[in-house]
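So the sequence lines, in the order shown, correspond to chains G and S.
Per UniProt numbering, the first sequence starts with residue 1, numbered consecutively.
Per UniProt numbering, the second sequence starts with residue 1, numbered consecutively.
Simulated from the structure, these hints should not be mistaken for laboratory data.
The model shown is predicted, which means the values in this text are computed figures rather than measured ones.
Treat the hints loosely; a few may be bogus.
Claimed, not checked - Which stretches of chain S does chain G cover? Using the computed rule of at least three CB atoms under 8 Å from a CB of chain G, they are:
#	stretch
1	205 to 219
2	255 to 262
3	278 to 290
Beta carbons are placed, not taken as given, at the ideal position from N, Cα and C, and that holds for glycine.
Protein chains: 2
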Amino acid sequence: MTASPDNGAAKGEPIFGTLAVVGIGNLGSSVARAVRKYGAVDRVVVADLSAEALARAKELKLADAYFEAPSKAVAEADIVVLCTPLGAFGAIAKAMAPHLKPGAIVTDVGSVKGAVVAAAGPHMPDTVAFVPGHPIAGTEKSGPDAGSSDLFVGRYWILTPDETTDRAAVARVTELWTRCGAIVEEMKAEYHDKVLAVTSHLPHLIAYTIVGTAFDLEGQEQQDVIRFSAGGFRDFTRIAGSSPIMWRDIFLNNREAVLEMLQRFSEDLSYLQRAIRWGEGDKLQDLFTRTREVRRGVIEAKQDKPFPEGGNGK
Amino acid sequence: MTASPDNGAAKGEPIFGTLAVVGIGNLGSSVARAVRKYGAVDRVVVADLSAEALARAKELKLADAYFEAPSKAVAEADIVVLCTPLGAFGAIAKAMAPHLKPGAIVTDVGSVKGAVVAAAGPHMPDTVAFVPGHPIAGTEKSGPDAGSSDLFVGRYWILTPDETTDRAAVARVTELWTRCGAIVEEMKAEYHDKVLAVTSHLPHLIAYTIVGTAFDLEGQEQQDVIRFSAGGFRDFTRIAGSSPIMWRDIFLNNREAVLEMLQRFSEDLSYLQRAIRWGEGDKLQDLFTRTREVRRGVIEAKQDKPFPEGGNGK
Chain G
1 MTASPDNGAA
11 KGEPIFGTLA
21 VVGIGNLGSS
31 VARAVRKYGA
41 VDRVVVADLS
51 AEALARAKEL
61 KLADAYFEAP
71 SKAVAEADIV
81 VLCTPLGAFG
91 AIAKAMAPHL
101 KPGAIVTDVG
111 SVKGAVVAAA
121 GPHMPDTVAF
131 VPGHPIAGTE
141 KSGPDAGSSD
151 LFVGRYWILT
161 PDETTDRAAV
171 ARVTELWTRC
181 GAIVEEMKAE
191 YHDKVLAVTS
201 HLPHLIAYTI
211 VGTAFDLEGQ
221 EQQDVIRFSA
231 GGFRDFTRIA
241 GSSPIMWRDI
251 FLNNREAVLE
261 MLQRFSEDLS
271 YLQRAIRWGE
281 GDKLQDLFTR
291 TREVRRGVIE
301 AKQDKPFPEG
311 GNGK
Chain S
1 MTASPDNGAA
11 KGEPIFGTLA
21 VVGIGNLGSS
31 VARAVRKYGA
41 VDRVVVADLS
51 AEALARAKEL
61 KLADAYFEAP
71 SKAVAEADIV
81 VLCTPLGAFG
91 AIAKAMAPHL
101 KPGAIVTDVG
111 SVKGAVVAAA
121 GPHMPDTVAF
131 VPGHPIAGTE
141 KSGPDAGSSD
151 LFVGRYWILT
161 PDETTDRAAV
171 ARVTELWTRC
181 GAIVEEMKAE
191 YHDKVLAVTS
201 HLPHLIAYTI
211 VGTAFDLEGQ
221 EQQDVIRFSA
231 GGFRDFTRIA
241 GSSPIMWRDI
251 FLNNREAVLE
261 MLQRFSEDLS
271 YLQRAIRWGE
281 GDKLQDLFTR
291 TREVRRGVIE
301 AKQDKPFPEG
311 GNGK
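Next comes chain G alone, as it looks inside the complex (with noise of 0.2 Å):
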């Protein structure tokens, strides 16, 4: 099921009222600028904890509200957007639960859907629906500072209802996140999570791995490895300059799919390292042919800039 983005944005009556984010970091922050942009909505409230991130985000006239706790910024709002670490959604859903708008819709942009379900989805209300989705965008970079109002242009923005989801729900969070610039497609909350895996926490668990090794290493080599990291290195660096609460509570809420994907790389890797021991050049380079085909695979689907073309603007 897709639904394919309408770029000549910005027109169009606001799809809701007034939308609440929860949560101010790089995703939140995407969010209020972008539903702001496309004109979704007709106002946008935000909610943080943290009086530092939300008075930067009072600085850059991100929202027309600000609240520190989420049951105030809820209490207005049609729709919710979810923008914490996973760890924080259980307690978050029992705070905001009892200030929910009858009828109001509350969807999140978490990493991993399984957790989140069973996490928020007891605390909901009955009176206002549920529909769990993650965007495959972002940027290693955190606080709301970092976001971008076309962070969400030309990305998939994965939703994943049960069948218990409320399907007019579902149509109007599809409408917004559409109108944003994203390519909404659902699909069950254990697929996305396995497939997740192998595409977002496995990369980052190595790139945070593999810099920690290079961390260990002392004195100048530690200096030169750092001085010299044009060559490969750089990009691990930059993503495992990660959000270190992002990123601790995605691997402790994806265990089993990070644990099994885990796993075959392992395997995989002690082939290469075995080829390597032995010389074995036509392994190597047989693997790296095919390698290559993936590349090729993901730049035809247009997921290889950081940004679409042209755009990457506040």
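Guided by the hints, dock chain S onto chain G, whose structure is given.
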């Protein structure tokens, strides 16, 4: 020993008369473009055994003369720059040796230095100076079209002369690459190979592995891994899109250092794997916080971007 780059380039007298590039791929064509742009030589000649690459180099007007046989190109050269995959170094050095002009300098851009000295060194006549080198720069793209005249600006270019190397030749090679914008440093070949095993060879091996792991998924999952690659996997596919032959040769020629670093990496990965399995969030957060420091170091060293500000022109 550091020579800082002179970016008021293209000025100053040519440092050499004729420069021969042997192997006109990404790096070879970048060398050809750079020495011309920065006025570092009078004349550029290229050799490539691939008729296709040579024809393309001609269309791009990268040089003043074109030869299939390295022996023909080097006959008129004051400096020869070997830019082929490492596996060809021994054979090319042997073939060109009788044709080198007395007093000529031979250098290279190979990613492993110990093996280069071992493969090419013994073939060099006493009448020429051999100065092994390696620019810490490059992209994943292959072929003459991929080169850039600014590829080396602000990048480290490492030379690994030993105690027998002619110092005057080292000085002139230093001047040449400094003119092209590089920061030239000297170090021992063995140390170079150890540092590069961490900063370049291991990252490539890991990237090839994880892209291979994803490639082995079946059907819809494999397609979705590509479509949803923007969450981190994208960067690995870029690295894993590098030249298969070049990288096969790197791993075969830096076996010991790569296997040593791979062993450390595997231990560190097991530690994280265990932390995930047992839900030890503090250990994860701890490492993820430390790796951020490395990222900051890379940014401070100005090695965080593929090209220097404003410069990526051909």
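Hint-by-hint comparison with the structure:
Only residues whose C-beta sits within less than 8 Å of a C-beta in chain G count toward coverage, and the stretch 205 to 219 of chain S has 13 of them, enough to reach three; the restraint holds. Given as covered by chain G, the stretch 255 to 262 of chain S passes the check, having 5 residues with a CB less than 8 Å from a CB of that chain where 3 are the minimum. Given a C-beta distance limit of less than 8 Å, the hint that chain G covers the stretch 278 to 290 of chain S holds, as 8 residues qualify and 3 suffice.
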